[in-house]
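Enquirer: Generate coordinates for the entire structure from the input sequences, incorporating the hints supplied.
Per the working numbering, residue 60 is the first one in the sequence shown, and the count goes up by one each step.
What you were told as hints is all true, and nothing was included just to trick you.
30 Å max Cα-Cα, derived DSS-like pairs, lysine-lysine:
hint, residue 1, residue 2
1, Lys166, Lys114
2, Lys182, Lys151
3, Lys193, Lys140
4, Lys166, Lys182
The calculated label-pair distances, taken between Cβ atoms and stated as ranges, are:
hint, residue 1, residue 2, range
5, His124, His103, 30 to 40 Å
6, Leu134, Tyr167, 17 to 27 Å
7, Tyr167, Lys114, 18 to 28 Å
8, Asp98, Gln198, 19 to 29 Å
9, Glu181, Lys140, 15 to 25 Å
Simulated from the structure, these hints should not be mistaken for lab results.
Glycine residues also receive a C-beta, built at the ideal position from the N, C-alpha and C atoms.
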Amino acid sequence: MKNSKKIIWGVVVLVIVLVLAVAFKGSDKDAEIITLSNDGTFTHQQCESRGLVDKVIMMESKYCHVCELTKPTFLSACEAKGVTPLIIDISKTEDFAQMESFGINIKYTPTFVFGCDYYVGEKSKLDYENYLDKFMAEQ
60 MKNSKKIIWG
70 VVVLVIVLVL
80 AVAFKGSDKD
90 AEIITLSNDG
100 TFTHQQCESR
110 GLVDKVIMME
120 SKYCHVCELT
130 KPTFLSACEA
140 KGVTPLIIDI
150 SKTEDFAQME
160 SFGINIKYTP
170 TFVFGCDYYV
180 GEKSKLDYEN
190 YLDKFMAEQ
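Expert: Here is the structure:
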């Protein structure tokens, strides 16, 4: 009787472990959070699975002085190109969750995403316009 109880409990534990393993596997987007720490490009698969192909995003923080300085320049470039960017303030819980929903994390603010390309730090208006031109050409 004791052996059969041990076997039953062993099977129950095994089933629970398997169920949890499957539940936490998730999608490709959930499986790998990519941390952006310098300029780069997502693979097309990474970009597509994260829903970034058609997005222009500025990730900022209320504690970031450089963000305050460059945001008007970035928004001016976007306006000149007719693009409405998504602004994510990672110091806000709901915005941080939105960033994570894209399967990305950042080390520094500001960080910008133009479709499959990303850039870290303040850039010039001409740089932003060039990134936007490339982004729009790929749409």
